[in-house]
Amino acid sequence: MSHRPRYRRYQPRLYQRRMPIFWWVHRAAHIRFITRELTSVFVAFGALELLFLVRALGQGPAAYAAFLAWLQTPVALILNAVTVLMLLFHSLTWFNLAPRALVLHAGGRRIPDAAVRGLNYAAWVVVSAGLAGLLLAT
Amino acid sequence: MKKTRDPFWWTFFSAGGTLSALCLPVLLLLFGLAIPLGWVEAPGYEALRARIASLPARLFLFVLITFSLLHWAHRFRFTLYDGLQLKHLETLILAFCYGGALAGSLLAGILLWQL
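From first to last, the protein sequence lines stand for chains A and B.
Heads up: the first sequence is residues 11 to 148, going by this note's numbering.
Heads up: the second sequence is residues 2 to 116, going by this note's numbering.
Treat the hints as calculated values from the structure; they're not laboratory data.
Ideal Cβ placement from N, Cα and C applies to all residues, glycine included.
Don't take every hint at face value.
[What the hints assert, rightly or not] Here are the computed lysine to any residue pairs in the SDA-like style, where the Cα-Cα straight-line distance is at most 25 Å: (1) 88/B / 42/A; (2) 88/B / 31/A; (3) 88/B / 45/A; (4) 88/B / 51/A; (5) 88/B / 48/A; (6) 88/B / 99/B; (7) 88/B / 129/A; (8) 88/B / 43/A; (9) 88/B / 44/A; (10) 88/B / 41/A; (11) 88/B / 39/A; (12) 88/B / 70/A; (13) 88/B / 30/A; (14) 88/B / 38/A; (15) 88/B / 40/A.
[Unchecked claim] In silico negatives: residues of chain B with every beta carbon more than 10 Å from chain A: (16) 9; (17) 56; (18) 94; (19) 99.
[Unchecked claim] Cβ pair distances, simulated, as ranges: (20) 88/B / 142/A: 39 to 47 Å; (21) 106/A / 92/B: 30 to 38 Å; (22) 91/A / 42/B: 44 to 52 Å; (23) 28/A / 111/B: 40 to 48 Å; (24) 8/B / 121/A: 18 to 26 Å; (25) 123/A / 89/B: 36 to 44 Å; (26) 110/B / 113/A: 16 to 24 Å; (27) 57/B / 36/A: 46 to 54 Å; (28) 143/A / 92/B: 32 to 40 Å; (29) 147/A / 116/B: 16 to 24 Å; (30) 142/A / 92/B: 40 to 48 Å.
Full structure from sequences and hints, please.
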């Protein structure tokens, strides 16, 4: 940790120790935190891939075939493998935190965390199966 | 205390987080791995186009893409602030994150409209 003080726009009169850019690499919990935050990059990337799929479908069968061919290139496969892993991490961490964000009561009692998590996981399974069924049905 | 628009963005962050957590893994697993690796057969052009061009599917995709991008914008903004200690670049980061998300949403709207 560096000990150089500096003035900042926020709370400029306070002495503040300068935080190094990579302050989070020293502890597993911090690395997990940054990884969780960075899943958002892959959420955006997944959304963009869907956008490209829509564009290819709008342009015609040749564009759709070209898009499917691009998906088979090593770069796309590696990128998508990482994306799927990060998206799973996003879903797991999101649903595990759901009881913190969503405090439900029934009959004057708080619904236990495990039940809220279970509901989220159940919804995840149902939505996943539904989407896969809709897309792959012939 | 300074008034902020943060609650507005937090709503999108949280709706986008839930929607993307529910829907994106299976979609990316299918199109990113299962179809290109031949685990399942790719849906044919006409069938897939017809299914995605239906009004509910278009609305669903628009909401999913828009909210996912806004989720990214909000979360990535704070990753840059806290993770990389870039709070002093606030204006640039706000423009990049929310501007990028809004541009992507606009593009999604146009592409889905024309489908």
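Which numbered conditions among the earlier hints are violated in the structure presented, ordered from lowest to highest? 7, 12, 22, 26 and 28
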